[in-house]
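Q: This is what each chain is made of:
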Amino acid sequence: MSVYAGVVGPAPTRIIVGYGFWIFLLSDIILFSALFATYAVLQGQTAGGPSAHQLFELRNAGIETVALLFSSYTCGLAIVAIERRRMRAFYVCFALTFILGAVFLSLELNEFAGLIARGAGPARSGFLSAFFSLVGLHGAHVTIGLLWLIFLIAQTAYRGPVDYVCRRLLCFSLFWHALDIIWVALLTMVYLMGAR
Amino acid sequence: MAENGAVVGAASEHTSSGSFWTYTAGLGFALLLTAASFVVSQTDLLWQPGVAAGLAVLAVAQMGVHLVFFLHIGTDAEGTNNVLALGFGVIIVALILAGSLWIMDHLNANMLTPAQMMEMQH
Numbered sequence: 001m002s003v004y005a006g007v008v009g010p011a012p013t014r015i016i017v018g019y020g021f022w023i024f025l026l027s028d029i030i031l032f033s034a035l036f037a038t039y040a041v042l043q044g045q046t047a048g049g050p051s052a053h054q055l056f057e058l059r060n061a062g063i064e065t066v067a068l069l070f071s072s073y074t075c076g077l078a079i080v081a082i083e084r085r086r087m088r089a090f091y092v093c094f095a096l097t098f099i100l101g102a103v104f105l106s107l108e109l110n111e112f113a114g115l116i117a118r119g120a121g122p123a124r125s126g127f128l129s130a131f132f133s134l135v136g137l138h139g140a141h142v143t144i145g146l147l148w149l150i151f152l153i154a155q156t157a158y159r160g161p162v163d164y165v166c167r168r169l170l171c172f173s174l175f176w177h178a179l180d181i182i183w184v185a186l187l188t189m190v191y192l193m194g195a196r
Numbered sequence: 197m198a199e200n201g202a203v204v205g206a207a208s209e210h211t212s213s214g215s216f217w218t219y220t221a222g223l224g225f226a227l228l229l230t231a232a233s234f235v236v237s238q239t240d241l242l243w244q245p246g247v248a249a250g251l252a253v254l255a256v257a258q259m260g261v262h263l264v265f266f267l268h269i270g271t272d273a274e275g276t277n278n279v280l281a282l283g284f285g286v287i288i289v290a291l292i293l294a295g296s297l298w299i300m301d302h303l304n305a306n307m308l309t310p311a312q313m314m315e316m317q318h
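Same order as they appear, the protein sequences are chains U and Y.
For the first sequence, the numbering used here assigns the number 1 to the initial residue and increments by one for each residue that follows.
For the second sequence, the numbering used here assigns the number 197 to the initial residue and increments by one for each residue that follows.
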């Protein structure tokens with residue numbers, strides 16, 4: 001109902017902050033799209049080394065997917081809880097978000113370590129360089145997200161659910177959901193199509 | 197959920213970004229679509245040359261579910277700018293992906309193999 005914009009005055013800060021953060025997320029997605037394009041181009045350039053079909057285990061990727069999806073879900077529930085000032089539910093959901101995110105990250109690091117131990121590190125071929133850049137960048141985002149999450153839990157405990165803390169929590173949830181969207185693309189393109 | 201525009205001042209009130217049920221519905225759809233992706237990739241349920249396209253469709257559907265149920269990119273009044281920004285982002289992503297693949301494919305097709313290069317040196 002934008003025709004009312006002049007009547008109701010400027011949009012609330014929450015909407016403006018959400019919009020700004022959404023633009024940041026879109027620029028982040030564009031960054032990922034460049035790496036997706038790189039991966040698509042280099043996918044077959046294995047330089048005589050192992051190919052996607054030989055390397056990737058769908059079971060591991062499936063568990064990672066479920067962990068990240070439930071992490072996104074509990075993050076959403078945490079936002080619902082804090083908006084209703086149910087602090088205990090908020091802390092439980094946010095802690096679950098952290099644990100599931102950490103499970104995802106440890107599975108991914110485990111997979112990376114396994115690949116490197118088998119001589120399929122990022123230096124092996126163009127395909128593996130592209131793989132490690134793409135999946136590694138997503139993993140780096142998850143790592144930063146987990147650190148941010150710890151910071152936010154501390155801030156919520158210290159400041160209470162005041163407006164600006166709630167806005168930061170909202171931005172975090174947008175970030176976390178966007179990472180899940182990127183993971184869907186990653187799972188499909190790298191793992192599901194690669195393992196066939 | 198935002199009320200309709202007739203409620204002047206509604207925008208300045210507390211607006212919820214979703215409820216338990218929107219998130220739970222989103223989780224259910226996402227799990228279904230993920231399971232479908234795994235089934236499609238691991239069985240011969242689909243015509244084999246069409247599997248890649250099927251997986252792409254399922255992935256796009258799941259991204260849509262995430263956008264609507266988790267990120268609340270909807271058609272309500274305060275979301276118009278978000279939708280426009282998303283549209284612009286999708287255009288850029290499509291240009292980068294399709295453009296890169298198109299250009300690199302042509303370069304690849306025009307490139308000489310090492311054997312051909314050796315031949316030219318003689």
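Heads up, a few of these hints could be off.
Unchecked claim - Derived coverage of chain Y by chain U (criterion: at least 3 residues anywhere in the stretch with Cβ under 8 Å from a Cβ of chain U; other residues may be distant):
no.	segment
1	252-258
2	280-293
3	305-311
To be verified - Quick list of the computed label-pair ranges, beta carbon to beta carbon:
no.	chain 1	residue 1	chain 2	residue 2	range
4	U	S106	Y	Q238	23 to 29 Å
5	Y	D240	U	R86	30 to 36 Å
6	Y	T276	U	R86	26 to 32 Å
7	U	R84	Y	L242	31 to 37 Å
8	U	A113	Y	L280	41 to 47 Å
9	Y	L280	U	R167	20 to 26 Å
10	U	S106	Y	M307	28 to 34 Å
11	Y	L303	U	V162	51 to 57 Å
12	U	G136	Y	L303	40 to 46 Å
Keep in mind that the hints were calculated from the coordinates and are not lab data.
All values derive from a computational prediction rather than experimental measurement.
Glycine included, every Cβ here is placed at the ideal spot set by N, Cα and C.
Q: Work down the list of hints and note, for each, if the structure agrees.
A: How the hints compare with the structure:
{"no.": "1", "hint": "252-258", "result": "holds (count 4)"}
{"no.": "2", "hint": "280-293", "result": "holds (count 8)"}
{"no.": "3", "hint": "305-311", "result": "violated (count 0)"}
{"no.": "4", "hint": "S106(U) with Q238(Y): 23 to 29 Å", "result": "holds (25 Å)"}
{"no.": "5", "hint": "D240(Y) with R86(U): 30 to 36 Å", "result": "violated (48 Å)"}
{"no.": "6", "hint": "T276(Y) with R86(U): 26 to 32 Å", "result": "holds (31 Å)"}
{"no.": "7", "hint": "R84(U) with L242(Y): 31 to 37 Å", "result": "violated (44 Å)"}
{"no.": "8", "hint": "A113(U) with L280(Y): 41 to 47 Å", "result": "holds (43 Å)"}
{"no.": "9", "hint": "L280(Y) with R167(U): 20 to 26 Å", "result": "holds (22 Å)"}
{"no.": "10", "hint": "S106(U) with M307(Y): 28 to 34 Å", "result": "violated (41 Å)"}
{"no.": "11", "hint": "L303(Y) with V162(U): 51 to 57 Å", "result": "holds (55 Å)"}
{"no.": "12", "hint": "G136(U) with L303(Y): 40 to 46 Å", "result": "violated (26 Å)"}
Against the hints set out earlier in the document, violations occur for numbers 3, 5, 7, 10 and 12.
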